[in-house]
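Put chain B on the given structure of chain A with help from the hints.
In case you want the letters, here they are:
2 protein chains.
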Amino acid sequence: MSDENQSAREKIAEIRETIDEIDCQLVRLLNKRAKSTLAIRKLKPQVQWGLYDPKREEEIFAHIAQCNEGPLFADDLRDIFDTVLRVSKEMRV
Amino acid sequence: MSDENQSAREKIAEIRETIDEIDCQLVRLLNKRAKSTLAIRKLKPQVQWGLYDPKREEEIFAHIAQCNEGPLFADDLRDIFDTVLRVSKEMRV
Numbered sequence: 000m001s002d003e004n005q006s007a008r009e010k011i012a013e014i015r016e017t018i019d020e021i022d023c024q025l026v027r028l029l030n031k032r033a034k035s036t037l038a039i040r041k042l043k044p045q046v047q048w049g050l051y052d053p054k055r056e057e058e059i060f061a062h063i064a065q066c067n068e069g070p071l072f073a074d075d076l077r078d079i080f081d082t083v084l085r086v087s088k089e090m091r092v
Numbered sequence: 000m001s002d003e004n005q006s007a008r009e010k011i012a013e014i015r016e017t018i019d020e021i022d023c024q025l026v027r028l029l030n031k032r033a034k035s036t037l038a039i040r041k042l043k044p045q046v047q048w049g050l051y052d053p054k055r056e057e058e059i060f061a062h063i064a065q066c067n068e069g070p071l072f073a074d075d076l077r078d079i080f081d082t083v084l085r086v087s088k089e090m091r092v
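Chains as they are written, first to last, in numbering that gives the first Met the number 0: chain A, 0 to 92; chain B, 0 to 92.
Everything labelled a hint here was simulated from the structure, so no lab data went into it. Treat each hint with caution, since some may be false.
As the list claims (entries may be wrong) - Listed below are the simulated DMTMM-like cross-link pairs for lysine to aspartate or glutamate, each with C-alpha atoms no more than 20 Å apart in a straight line:
1. B:K41 / A:E3
2. A:K88 / B:E16
3. A:K88 / B:D22
4. A:K54 / B:E9
5. B:K34 / A:E16
6. A:K54 / B:E16
One chain only, chain A, in its complex shape (with noise of 0.2 Å):
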């Protein structure tokens, strides 16, 4: 193997763990996102609002397209926030 080739190795791997780093802490935050929905979820009866709210869901998208800096697009947000609002609503809690 050349000296470049193990060098680009040593560097995906080390990249890697930075991922893995990142990806821990989204499954934090995913959590801390999940608790604070099952909590809206409880107060909603109260109110009689329906689970599914298509103007708020719009206002998470709005949101999170304003604090966008990239490289990721919004679309490319949008596509992983769908996921996560789907997850949100069938979580069986």
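Just chain B, lined up with the frame of chain A:
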């Protein structure tokens, strides 16, 4: 509107602010992750690896399940990270 109803509405508004803050943190982390993914993508030709690496994807799923403390289930996180990985592969940069 009853006092109880008013108080539930205020609580929901407060929790939604917390969710908005979490979402901005998620956006920051997802972008940090995307930058790391792009850095690896640049290095891959030097080590003659393809862009798609199913073994690494399984490592990622195992890792997120390991650092998960709930309330989300491993399957919920797998759904979300499936989208994150798909978006990463399709990133137009």
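Name the hints, by number, that the structure is in violation of. none
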